[in-house]
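Chemist: Each number in my numbering corresponds to the 1-based position in the sequence shown with 386 added.
None of these hints come from the bench; they were simulated from the model. Don't take every hint at face value.
With a straight-line Cα cutoff of 27 angstroms, these simulated DSS-like cross-link-like pairs (lysine-lysine) come out [what the hints assert, rightly or not]:
(1) 403 / 467
(2) 403 / 413
(3) 431 / 413
(4) 467 / 413
Label pairs and their in silico Cβ distance ranges [claimed, not checked]:
(5) 427 / 480: 40 to 50 angstroms
(6) 419 / 444: 21 to 31 angstroms
(7) 424 / 491: 43 to 53 angstroms
(8) 487 / 439: 44 to 54 angstroms
(9) 431 / 488: 17 to 27 angstroms
(10) 403 / 457: 21 to 31 angstroms
By construction, the Cβ of each residue, glycine as well, lies at the ideal position given by its N, Cα and C atoms.
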Amino acid sequence: MRDDILGVFGDTGITGKPVGDDLREGKLTPLVAYASERADASQAKLLDRVGAPDLHDEEIELLSALLIETGALDAAEASIKRLVAESMEALSQVDITEEARHALGELGLFVAWRDR
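Make the full structure from the sequences, and use the hints.
Modeler: Structure, rendered in structure tokens:
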């Protein structure tokens, strides 16, 4: 999910990916799914443009705003927090060395909270 968030809201200079590519490519990410569940009629019409071959930069900006307005971004961030907590709890129960537990925990945190 972090990759999906970075694909829409990330800094191109940091991520190396053009912002909005997932929207241009029509990827049905959790962000788009959350927004679709909460969208009103006019928002749903804009969401229908996701993946359109002629989707332009202004629409990408509107879609980004829509993902915030519908609570999709907040929902995705909340899901990441919940999944990280569940993963760390599960990791604490696994019979592995502390070194391995620490390494896996650090990897999980990096993947969840990375900015690139």
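Chemist: So, for every hint listed, does it hold in this structure?
Modeler: Results for each hint:
no., hint, result
1, 403 / 467, "24 angstroms, holds"
2, 403 / 413, "15 angstroms, holds"
3, 431 / 413, "17 angstroms, holds"
4, 467 / 413, "23 angstroms, holds"
5, 427 / 480: 40 to 50 angstroms, "48 angstroms, holds"
6, 419 / 444: 21 to 31 angstroms, "23 angstroms, holds"
7, 424 / 491: 43 to 53 angstroms, "33 angstroms, violated"
8, 487 / 439: 44 to 54 angstroms, "47 angstroms, holds"
9, 431 / 488: 17 to 27 angstroms, "49 angstroms, violated"
10, 403 / 457: 21 to 31 angstroms, "24 angstroms, holds"
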